[in-house]
Each structure stands twice: as C-alpha cells, then as structure tokens.
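**Student:** Heads up: the sequence lines are chains A and B, in that order.
Using this note's numbering, you'd call the opening residue of the first sequence number 1 and step up by one each time.
Using this note's numbering, you'd call the opening residue of the second sequence number 364 and step up by one each time.
Please note that a few of the clues may not be correct.
[To be verified] Heads up, incomplete: computed chain A residues facing chain B, CB under 7 Å, no partners named:
{"hint": "1", "residue": "Arg82"}
{"hint": "2", "residue": "Cys83"}
{"hint": "3", "residue": "Lys90"}
{"hint": "4", "residue": "Val95"}
{"hint": "5", "residue": "Cys212"}
{"hint": "6", "residue": "Pro213"}
{"hint": "7", "residue": "Pro216"}
[Said to hold, decoys possible] The following residues of chain A were derived to be distant from chain B, with all beta-carbon distances above 12 Å:
{"hint": "8", "residue": "Arg195"}
{"hint": "9", "residue": "Arg249"}
{"hint": "10", "residue": "Phe343"}
These aren't lab readings, by the way, just hints derived from the structure by calculation.
Ideal Cβ placement from N, Cα and C applies to all residues, glycine included.
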Amino acid sequence: MLKFSSCNVLQCRFSGSNSPLSFGRCSPRIVSTSRLSMTPVQAVLSYHQQGGSTGSGSLADRLRWGGLTEDGLSYKEKFIIRCYEVGINKTATIVTIANFLQELGGNHAQSVGFSTDGFGTTPTMRKLHIIWVTARMHIEVYKYPAWSDMIEIETWCQNEGRIGTRRDWILKDVATGEVIGRATSKWVMMNKDTRQLQKVSDDVKEEYLVFCPREPRLAFPEKNSKSLKKIAKLVDPVQYSRLGLKPRRADIDMNQHVNNVTYIGWVLESIPEEIIHTHELQAITLDYRRECQQDDVVDSLTSPELVEATETVSVLQGTNGFATVATREDQPDCHQFLHLLRFSGDGQEINRGRTEWRKKPTR
Amino acid sequence: MVATAATSTFFPVISSPDSSGSKTKKLGNGSINLGGIPSKPSSSGRLQVKANAQAPPKINGTNVVTAPVEVSKNEDGVNSPPPRTVINQLPDWSMLLAAITTVFLAAEKQWTTLDWKPKRPDMLIDPFGIGRIVQDGLAFRQNFSIRSYEIGADRTASIETVMNHLQETALNHVRSAGMLGDGFGSTPEMFKKNLIWVVTRMQVEVDRYPTWGDVVQVDTWVSASGKNCMRRDWVIRDSKTGEILTRASSIWVMMNKVTRRLSKIPEEVRGEIEPYFMNSEPVVAEDSRKLVKLDDSSAKYVRKGLTPRWSDLDVNQHVNNVKYIGWILESAPLPILESHELSSVTLEYRRECGRDSVLQSLTAVSDHGAGNSMNLGEMECQHLLRLEDGSEVLRGRTRWRAKKPESSGDVAQIPPESA
C-alpha cells in the first residue's frame, strides 16, 4: 500500500472522520486507494463534490452523469442517444454502442486516477511505454435504443489469466430498467515502441486490481456463453466479400492505429444486404490479431456459419446454393456468420469474427 | 440552383420519432409519472411536439412552447371546453400527454428565465442534458461533453464532432419548439404541401477546438434569409468560461420532395415559422467568394473510391451531411493536416448520395496572396466531392492556421497551385 502514496492516484485520504467536508477540495476523479472499504457516504461525496475551480473535471463528470459506484469497484454512466448516432433502423447502431463501451472504459480508468490523457494506462505502464490493446470483444444487444433514449452502462474490470485483463459491461434502459445489452472484452499489454505483447507485471496488477471486484463478476456468467466460443478462421472460397476497404483519417485513434470500433464497421460491410435490411445484429464477437495503420488496405470476408454439433470449421464449399443460409433450429429467423478481416496485400489476418442476426422487431 | 439539392439532416430528415407507433410504444413501456417531472424526459419532449403542433406560438417574454393549459390532469379522455381545435384533432390519449407536458413545461419555464452567466454551473439547470429553449423561446441551448471517440489524432475534437453537435441541436430545437410536423423537419403546413427544408450552404469558423472531457454549450436559432430562405446560426461556447469556440451559419431553402423543385415559402408556412425567426445578424460574416469547381487538372490531390459505410447512413438511407466534411479531408494534403488545424470551412451542398454511391474527393491548395488578408502560416484549400460520373455532391473551401507550438513539426510549405 505504501507504493500508492508515491503515485498521483492518491490525493484524498479518507481519514474516517465523520464530517464529509473534511476532505476539502478534491477533484472528484481521485478516489482513495486504501484497501479498507470506503464508507459509502464518502465515496458518493467524492463524486458529487463540486470541485469548483479545479478544472473542467467536475462539470464534465456531472455532464457525463458518470461516476464510480458506491463501492468504487465499477463505473456507471448515462448516455442519451443523439440523432447522428442512429442508423437506418432508426435505432442506435452497433458502432455507436461500441463507441460508448470504449468511452466508458476510458472514463472508468480516468475516474480512478489513471492516465488523464485518455489512454487508460497506469503510471507504471506509462513509464515502461506500455499500452492496452484489445484481444477480444463480444457484444450482445437485446434491444437497441432509439434517438433520445437514455441508457446507463456499468463497467468493471478484472484479472484474466497471466497476460490479460477483462473488462465487462452491462447496458440498461434507464426508463424501464431492463438490461438491453451485455459485453465483455479481453485486453493485453503491448509495448508501444516494439509493438510486442507483454505479460501483466505485478507492479501494474497491483495498481489497478484494487479497483476491481474481489470476487469474479462476469457479465456472461452462464456456462458455454457465446463470448467464450472459439472462432474458426475462414478460408477461401468465401460467400461474401468487400475488398479494398481503407481507413479514413477519423478511424485513427490516439494510439496511432485504427480504432477498435472501425473493425466492427468493416465486418458489417460484407454482410449481405438483404440481411442488413431485414435483420438486426444480436451478437458480435471479434478476435483481434494484428493492428492496422492509416495506409493499409483491408478485405472483409463473410460466410454463413453452419450450425453443427462439432466445433469444426464452418465453410461453405463450392456452390452449395445461395439460398441455404444456415439457421439454428430453435430460432428459425436467426442467422450466424463467420468473418475475416485481412490485409489486401499479403492476406495476413487482422481479425476474425462471428455475428448473429435476428429478425428486426416490428415497430 | 441545382434541382437536386442535398437532403438535409441538419433539419431532421429522419422519419419522425414521434410517429404514433413509437409513441404508443413509449406509453406502454415508459413510467409516466403524473406527479412530477417525468422520469423519461425524452418522451415528454415528444409530447411537447404533438400537443403544440398547431398551437400558435407566443413570443415577447413568454415561453414559446405553450401547453393547452385548459386541460386538467385529472380528467381522462374528457375534453374540457377547448377553444383550440388542436385538442379536438388529437386522439384521446393526448389528454394524458398534454397533462404531462404542462407539468414538464411548468418546471422548464423556471429554468428558461435564467440567462447564461459565466462560471455558472449551467448543468444543474438542464439535468437531463437534452437542452432547452432560451431567450424568450427563440433560441435553443444544449450542452455536450466531448467523448473520447470524438477526438482526432491530435487530441482535440474533430470538425466532424463539432458539426455533429450542430446537427443534434438543430434537430432538438425543431422538436422542442414544436416545429416538427413530420420526419422531414417540415411544419404541418409544409407537410401538407410536400415541402421539405434542404441545406444549401454551411459556414463554420472554429477559434478553438475542445478536448476530451470539455463541456461545450451550443446555442442555435433561426432567422429569415432573403425572401425565401432560412438561416440557422449556432454559437458554441466553453461551458465553464463562456469563451466562444465556434460560430456557424447555414442557409436553407424549401424544396418539394416529390418534384424535387425549389419552392417559394407559401404564406401558410410563413405564418408558422416567422414567429420563430430571431432575425439577428449572421454570426459568421458571409464568405461571398465564389467556390470554384475543381477538375482533374486543377486539383493536385485526389482520393477516389470513397464509399459510404452502413453507419454513415441516416434513417432515410442518405449519407449524413456531416460525413462529407470527413471525405473532403481525405484528400487534404497530409503535411497541412499534421501542422495546421482547420480554422474555417465553407460548403455548398449540391446533391445527396446513398449507400451505393462511390465518391471522389479533390483538393487544390490556393495561392496565399490571393488578395484576401491571410496571416502568415495560414493556408487555404479548395475542395470538390463528386460521384464517379462527374456529378457534383459538394464544393468547399477550407482555411487552415498553424497549430500551436506544442505539437511537433514545422509549418509545412506546400507550393501553391495555380488556380
């Protein structure tokens, strides 16, 4: 614990005094890192504190309607769907939702005092030039919100194995309280300069684990959750493709590579149009393998996934007939696809994915 | 004026979220709270629209958005003697909605009488962040916090983010002022005549770009522009300091959506919209220099094969206007992008495009000393977006100023084109 006093994370100390005013003017983003459980009143106050002139943090935090939960172990934020975030279905697009998830991850990291520059890195990571990169992303949406709906998303992170960390999200409709979506992601550390993966060192683990729930808390607690399903790699010939996709300038993020969320858009590009018009995305899983830079050119490939008892590769060989898109027996109007994004030039895999589609609800 | 002008999304082209189907759904799911401010402010926002669709707006000190106050909230489906025909035309459940509107508006009325003051925590007045009518009902104000994915590689909000905020506030203004007759942003009279608003011209001047976590306050209002056009202005301020970050102005014309021909503003429509006109001076001095049409010989920088993605499309499957500025920048020379920031952009919309369009983006760098007063380090570019068959989608002009010294790099020297 002594380690923390040297880092900029610790600025307010919860002295245990009964007077909530005793911590004076702290930025609401900074939270005590003591392992002793914080009294809920003090934790809540640290979020609501006016903060005054300590920068735009306080006003921005209130406007974000986001903050750490009472136990400090997860972060919640509300979003109102804006008109330009709505797509052809008159509901928020999966790209919008993925952006929210990413935003929340960054805000959570910032609210516990990590990297005020938006990278979500701990102080030790910054010292060692290490950044987080996504390894896998799985999102399920049960009900898409419409323009000006308000949703609340909660996120938390946990250790995952030796080299990874996991971040989970739960999305709720504020008006009804119902869960409208869930998501989980796996992250690994990479050296910014060498672009090599690194194990999560103990120093870094200590820095962030204090903010994670002690007991495993999973957005997808069920066994055999789709979020754990292995994704087969597509091989030629594939059924659908969209070639020559190029990153736009807006796709490059602060880490100087193509933003995670852009890949979701690219995967959608090779889904057959009739599916896009009649169905909505129920679940998407992406395994990230390589990163993409501004000048790369990408091919997006899709094939229907055959629903078999075994987990073998599902590929439509030859010309089986376009009409026989695979469907699950229990859900006749659902479709599943496998995806591959690869470099146009050398064919190396960028990421692979899997999507599930259900018939659009009538509105 | 080209007959096929770009369909706007600054005024909503999305089918109305207030369509009766969705409203019924909201009633079913939403927790309508008669006792106080509805817990779902968005549905009350919609309620405002329908209840006021025909109500003549009042100005001069009173809130424009007036609810039919004759309605008692304890009566179910029984019409109190209604002097306004609007009540008779609405279906029965509108009584409930009107009651809620009254409650919400009464609360909001207290908020709208407060003027913006520096360093005031404005947010407390707009707890739901959906914005509100200000200034005697003629302007609309909404706050936005800048999200991480709205930031460009240089850590400041992108011009697309700025323009998205302009679009959202325009839409919310229209809706909350009761001007939303249908999904095309038409008033009820316009809808009857198949008329829609179409944006033809846009000018944005950015003094400073916000960064992640900043909160900006966007004010917007409309004015008449000539005899048959409308102008919508915006001012974006830093929420905390009041410093003006951006000013923008746009010109709209009326078009018949069936014949695609431009139309004069009919008297009935004029009666509906004139009360909303602020008729102030434009916030951006009009850049009246002609926008030239580039071609392959005059444009040094060309980017071809630009295609819309699914997330670029609005509910009418047209490309959202704001995407065009991103495409323009695709062919802007990289040295300029790296060392300069966009200080102003002027756009002329010519044509809309859809999912299957393939676009080309052309850029030429203007001569510095073209007669207009530009400071040292400023650059100017001309732009064209066109389809593969050559038809124009958009013409533009951008001005760039050198970025502040903290970012790396010297000011790039781009040899000016001969126009």
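**Student:** So, Lys90 (chain A) near chain B? Judge it on the closest CB pair being under 7 Å.
**Tutor:** Lys90 (chain A) check passes; min Cβ-Cβ to chain B is 5 Å, inside 7 Å.
**Student:** Does Pro216 (chain A) hold up as a contact with chain B if the rule is Cβ-Cβ below 7 Å?
**Tutor:** violated, 27 Å
**Student:** Can we confirm that no CB of chain B comes within 12 Å of the CB of Arg195 (chain A)?
**Tutor:** holds, 18 Å
**Student:** Please check whether Arg82 (chain A) passes as an interface residue: C-beta within 7 Å of a C-beta belonging to chain B.
**Tutor:** This hint holds: Arg82 (chain A) lies near chain B, its Cβ roughly 5 Å from the closest one there, short of 7 Å.
**Student:** Examine each Cβ of chain B, and state whether all of them lie more than 12 Å from the Cβ of Arg249 (chain A).
**Tutor:** Since the minimum Cβ distance to chain B is about 6 Å, Arg249 (chain A) lies within 12 Å and the statement is violated.
**Student:** Quick one, is the Val95 (chain A) hint okay against chain B at 7 Å, beta carbons?
**Tutor:** holds, 4 Å
**Student:** Taking the least C-beta to C-beta distance, is Cys212 (chain A) closer than 7 Å to chain B?
**Tutor:** violated, 21 Å
**Student:** Could you let me know if the closest chain B CB is still more than 12 Å away from the CB of Phe343 (chain A)?
**Tutor:** holds, 17 Å
**Student:** Holds or violated: the hint that Pro213 (chain A) contacts chain B, with Cβ atoms closer than 7 Å.
**Tutor:** Violated: closest Cβ of chain B sits about 24 Å from Pro213 (chain A), beyond 7 Å.
**Student:** A closest beta-carbon separation below 7 Å is what the hint needs, so does Cys83 (chain A) meet it against chain B?
**Tutor:** At 5 Å from the nearest chain B Cβ, Cys83 (chain A) passes the 7 Å test, so the hint holds.
Checked against the numbered hints given earlier, this structure breaks hints 5, 6, 7 and 9; the rest are met.
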